[in-house]
Amino acid sequence: MEQIKPKKITLNPFEKVVEKLYELFDNNVLRYSVLITMTAFLVYLPRASSLFTQEIMTNMFFYVVVCLGLNIIVGFAGLLHLGYAAFFAVGAYVTGIMSATYGINFWLTLPFSIVAAIIAGLAIGAPTLRLRGDYLAIVTLGFGEIIRITVRNVGITGGAVGLIGIERPVFFGIVLNQISHFYYMFFILSIIAIFVSYRLYDSRLGRAWQYIREDEDAAAAMGINVVTTRLSAFIIGSCFGALAGSFFAVKMTAISPDSFMFIHSIMILLAVVLGGMGKIPGVVLGAIIVTIFPEISRDIGQYRLIIFAVILLVLMIYRPQGLWPDRQFQSTKK
Amino acid sequence: MTLWEIFLQQLFNGLLIGSFYGLVAIGYSMVYGIIKLLNFAHADIYMGGAFVGLIALSFFADSAIGNAWLGIVLSLLISMFLIGILGVLIQRVAYRPMLKAPRLSILITALAVSMLLYNTVMLLTHGQFRPFRTGLTHDSFFVGALRLTETRVVLLVAAILLMFILHQFVTRSMYGKAMRAISLDRDTCQLMGINVYKIVAITFFVGSALAAAAGVMAGVFYGTVHFYMGFFIGLKAFTAAVIGGIGILPGAMLGGLLLGLLESFATQIPFIGSVWQNVFSFVFLILFLIFKPTGILGRAESERM
Chain A
884 MEQIKPKKIT
894 LNPFEKVVEK
904 LYELFDNNVL
914 RYSVLITMTA
924 FLVYLPRASS
934 LFTQEIMTNM
944 FFYVVVCLGL
954 NIIVGFAGLL
964 HLGYAAFFAV
974 GAYVTGIMSA
984 TYGINFWLTL
994 PFSIVAAIIA
1004 GLAIGAPTLR
1014 LRGDYLAIVT
1024 LGFGEIIRIT
1034 VRNVGITGGA
1044 VGLIGIERPV
1054 FFGIVLNQIS
1064 HFYYMFFILS
1074 IIAIFVSYRL
1084 YDSRLGRAWQ
1094 YIREDEDAAA
1104 AMGINVVTTR
1114 LSAFIIGSCF
1124 GALAGSFFAV
1134 KMTAISPDSF
1144 MFIHSIMILL
1154 AVVLGGMGKI
1164 PGVVLGAIIV
1174 TIFPEISRDI
1184 GQYRLIIFAV
1194 ILLVLMIYRP
1204 QGLWPDRQFQ
1214 STKK
Chain B
4 MTLWEIFLQQ
14 LFNGLLIGSF
24 YGLVAIGYSM
34 VYGIIKLLNF
44 AHADIYMGGA
54 FVGLIALSFF
64 ADSAIGNAWL
74 GIVLSLLISM
84 FLIGILGVLI
94 QRVAYRPMLK
104 APRLSILITA
114 LAVSMLLYNT
124 VMLLTHGQFR
134 PFRTGLTHDS
144 FFVGALRLTE
154 TRVVLLVAAI
164 LLMFILHQFV
174 TRSMYGKAMR
184 AISLDRDTCQ
194 LMGINVYKIV
204 AITFFVGSAL
214 AAAAGVMAGV
224 FYGTVHFYMG
234 FFIGLKAFTA
244 AVIGGIGILP
254 GAMLGGLLLG
264 LLESFATQIP
274 FIGSVWQNVF
284 SFVFLILFLI
294 FKPTGILGRA
304 ESERM
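If you're matching them up, the sequences are chains A and B in order.
Position in the first sequence counted from 1, then plus 883, gives you this note's numbering.
Position in the second sequence counted from 1, then plus 3, gives you this note's numbering.
Treat the hints as calculated values from the structure; they're not laboratory data.
Hints may contain errors.
Said to hold, decoys possible - Calculated pairs, SDA-like style, for lysine to any residue (alpha carbon to alpha carbon, straight line, at most 25 Å):
#1 B:K103 - A:A1104
#2 B:K39 - A:L1014
#3 B:K39 - B:R95
#4 B:K39 - B:M195
#5 B:K39 - A:P1010
#6 B:K39 - B:P100
#7 B:K295 - A:N1108
#8 B:K103 - A:E1099
#9 B:K295 - A:P1010
#10 B:K295 - A:R1015
#11 A:K899 - A:R1202
#12 B:K295 - B:S267
#13 B:K295 - A:L1114
#14 B:K103 - A:A1101
#15 B:K201 - B:T191
#16 B:K39 - A:T1111
#17 B:K201 - B:V173
#18 B:K295 - A:D1100
#19 B:K39 - A:N1108
#20 B:K103 - A:R1202
#21 A:K1134 - A:R1051
#22 B:K295 - A:V1110
#23 B:K39 - A:Q1204
Claimed, not checked - Heads up, incomplete: computed chain B residues facing chain A, CB under 8 Å, no partners named:
#24 A104
#25 L110
#26 V116
#27 V278
#28 F285
This structure is a prediction, so every number in the text was calculated from the model and none was measured.
Ideal Cβ placement from N, Cα and C applies to all residues, glycine included.
For reference, chain B alone in the conformation it holds in the complex (with noise of 0.2 Å):
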């Protein structure tokens, strides 16, 4: 391969992965935007909803829907809502009772709401891979000098969507335009007569609908799905968040796309390697929180107020 043919597939790979570190990053921003919560238990909900899109899919794959991908949007839709309402659930019963308690307590919880997560999982795995069967063909052509995959394009294109959905609904709709003014101010939301449970309650289902949505995806893009598959893309969506501006939700987006077409090129690069990718996303997060801690699109703002 030339090196302009290098460039422009890794350009798209980076784009792909990318695209589902947004996804899980939107969840993490806006949890983080309305009661300021780093939730560890997110990426755990990312990898809850890659197994339960794969038992949702096994079970079309046995009746006869002929079409491959309809079986894959029935599961994706499946798993977004049931990981929604279990998005909600863990809020209700873990975060919801601790949001006036001192910062420490609410963080230890969401590491406990992680950890059974995570546990329960490998337990039920037996802590092994599981083939994610998609019956896709993997029959690739070129535009131009880039080799693709239908499942690849199609793949980006769902998850563009789906940010294109999530931006219109905080944008126009009225529960977005709550949760962008309980992110301002918690206390004056409540006089002024929202409902803030509700409202924290609908963030958490749309966060692990989307989280639920990226393990799906990731699912039928690698092929396999396992227990492990949520921790590092955990941290790598926090590194989205900070890089686009935490609590801003276009912020997790492109600091997702932005991640995701670093870390593709960095593999490139002599003695990186994909053994290092993890530590360079890391090392690259700690830069960010050195020179540039209110990421691309926040502004500069004290937390005192």
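Chain A on its own, in the form it takes in the complex (with noise of 0.2 Å):
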């Protein structure tokens, strides 16, 4: 519309010090090096610190799968879900129905909590992604409000008190109760999912995921189905977050339909956002920030969601890449 000028690039303080950051980092030997006291670090910590610290670390890592589950979709595919705290509720319920209604071993709950998260990515996935992404935006809200009237009015799920009593799980003959054991659980569970996310990144779907991100007709033209990899990209996250759901479930042994409010939707949305779609170092730190954030900040309480929304504001106007934006979304776009 207007006359497009070529842009000349200029890096704010920040960005230089995140690109001596980067170039510290690059160094193969220093990252690993990094990399691994911070896991013997992280390893060692949970035998030095409070249990509160072990909580919050428990949760922080916790909002770390669920956050790179949702960068799946959002950061990976550029799809909008605002929902997402409704598949964790679907993988939170199936695994508490089969624990605590039948008695079912945690560990064979998991392949359930699975299914239903494909069935439920399918159901809400596929007759929305036929049409325009950003339907997809306001069919999950819709859907993550549905899942909430659902299980309070549904017998089968304890309605509004919820479902107490959900077993704790045995692993290798140690019943898994202490906050430390879950600690391990949830920090194993991030290493996988970092894991995973970034052999999807590089993988051809990963690739083709960007691509329609990018540009929708362009990667259509190529051959790619724009539909089903869409979809793929929908239902991937979705089992992401069902997993974090289940084991969400037996951290807490009892879940209520408040646990999954829209709000949580939103935090996790905000931490993929703030820091950096697409990005799994920055999806990591934006999971970190919005852990940490509420917690050194209770009394301002009621203000967060205003807070939270000013944040997401400033961030897409000044600043939508992120504080640790992907290098190629960062080079395409103009």
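Assemble the dimeric complex from its two separately framed chains, guided by the hints.
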């Protein structure tokens, strides 16, 4: 519309620091030694810290998993998902019902949780993604509330009270009931999630997602089936959420409809957008910030959502690529 | 009541609720048509309209205006005007810088605006229901087998009148013509000397004003307002817009009325009941997306040009 002027790229001080850090870490020896030190530190941490710290760290690892799941949908495929907490509820309730009501071993409920997520993902994604990508936003927004109404009014989910007495999982003869057990469980899960995300990012499928995100028409012209490729992103992301939900259910041993409110979907989305959509370290950073921020500023409680909204707004207008953006994402945007 | 009486009663209820959906759906559809944005904040604009109407009404109730309807009409107009301005402001601050950004960015912006409005009202009202005192009587009278109150009849007539005025505005005025042109091809319109930003602002004004009118009317109808009232009506207005064909204004009105009727009859079916009313309209949205995604009045066209 307006005349397009060639834009000079100038880095602000923050970006300069990030670029410097990036160059520093680009060195493989340094990179791996930092990673190994961090891992060792995180493995050692439960022995040296209070229960409160362990709880927050466990929560953080949990957020890393769900944020990486949402990142597949929002970051890789460029689809807006506003009801992620609902998929997480699907997993949590499948595990909860099977474990609390029928006494089935936790590990056996996981495949059912995935199947339930695939069914829910197909029911929501298939009709919607066939059309415009942005219909998905409002349909998932509705789905989030519909799931909440349903679990509140159906007998099998325990209504508004929820489910209690979900059995603790047993892992090679050890009953996982200490917070440190869950710390390690979610730590391992988040490492798996990071690994899977990287493999997906570099895979043929991951490239196809990013291609569609950048230019749908060009992707279609190159022979990528836009609908099924998008749907696969939506479903894989949903499975991440459902699995995280299952683990959430056994950690809490009690779940209720209030554990899966709209605000949770928004917090996860904020973490992804804040960190940098599509960039895995960025999303991990976003997850860390979103978990730690409410802990260090408890008194703002009721203003939290307003602050989140303002952060989202300012980010979108002034820094849509997030704190730690994907280089590919940055370079292709005009 | 006989079956026939129930049928008539539900028919009237459905039309009335449906006309509210229609008024909100028009705003969704207009904005979508012109800048291809699903304006999440629209539902909260409706809610804001109800609250501005409430404040204006309490002001008129204190001053000695004898007639209850006069106070309501005045508050309706005040609310429409102020919320219209709010819509333009939101458009200017949040959406206009994003018009050329990737699609995902503007959707997230719309979500942020919605959260901001919703939570601000929640804090200001402490999350409580507020009574919407109109001072109207609830005397009912019968037309054949149909039991009516003055309020309901006036609301339905007012909603249809507003839709009629809008239709005249869009089809007859210069601005309406410009809106339709922009929805076809924005870039060409700019080359033809249409001030696109001005027309987008006018669209937001009209859409928001209609949503505010629907909000005030819903307040008069239900007797209470609360911060959460916008959420499901936003979803339903989107459903209505999809049913009629998104971007098509008569479609939005028709879709609203149709959804209102369907919902009002569905709640009479055993096992569906009012708890499942919202779930029902969501299922209906999914079914429509599967079987008739272009809507009743929409032509089949592919997204790619």
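Open item on the list: Given the hinted pair K295 (chain B) and L1114 (chain A), is their Cα-Cα distance within 25 Å?
Closed with: holds (20 Å)
Open item on the list: Hinted pair, alpha-carbon criterion (25 Å max): K295 (chain B), V1110 (chain A). Please report holds or violated.
Closed with: holds (17 Å)
- [ ] With a cut-off of 25 Å on the C-alpha distance, tell me whether K39 (chain B) and Q1204 (chain A) pass.
- [x] holds (22 Å)
Task: Agreement of K295 (chain B) and N1108 (chain A) with the hint, judged by alpha carbon distance not exceeding 25 Å - done: It holds: about 22 Å lies between the C-alpha atoms, which stays within 25 Å.
TODO: Take the C-alpha atoms of K201 (chain B) and T191 (chain B), compute the straight-line distance between them, and say whether it is at most 25 Å.
DONE: Given pair K201 (chain B), T191 (chain B) holds - Cα atoms ~15 Å apart, limit 25 Å.
Open item on the list: What's the verdict on K39 (chain B) and R95 (chain B), does the C-alpha distance respect the 25 Å limit or exceed it?
Closed with: holds (16 Å)
Task: Restraint status (C-alpha distance of K39 (chain B) to L1014 (chain A) at most 25 Å) - done: holds (14 Å)
- [ ] Assess, step by step, whether the Cα of K201 (chain B) is no farther than 25 Å from the Cα of V173 (chain B), and give holds or violated.
- [x] Holds: K201 (chain B) and V173 (chain B) sit about 15 Å apart, inside 25 Å.
TODO: With a cut-off of 25 Å on the C-alpha distance, tell me whether K39 (chain B) and M195 (chain B) pass.
DONE: Measuring from Cα to Cα gives roughly 20 Å; hence the hint holds.
- [ ] With a cut-off of 25 Å on the C-alpha distance, tell me whether K39 (chain B) and P1010 (chain A) pass.
- [x] OK: K39 (chain B) and P1010 (chain A) at ~20 Å, within 25 Å.
- [ ] Measure nothing beyond the straight line between the CA atoms of K103 (chain B) and R1202 (chain A); if it is 25 Å or shorter, mark the hint as holding.
- [x] Cα-Cα ~14 Å, so holds.
Task: Agreement of K103 (chain B) and E1099 (chain A) with the hint, judged by alpha carbon distance not exceeding 25 Å - done: holds (16 Å)
Taken one by one, the earlier hints all hold for this structure without exception.
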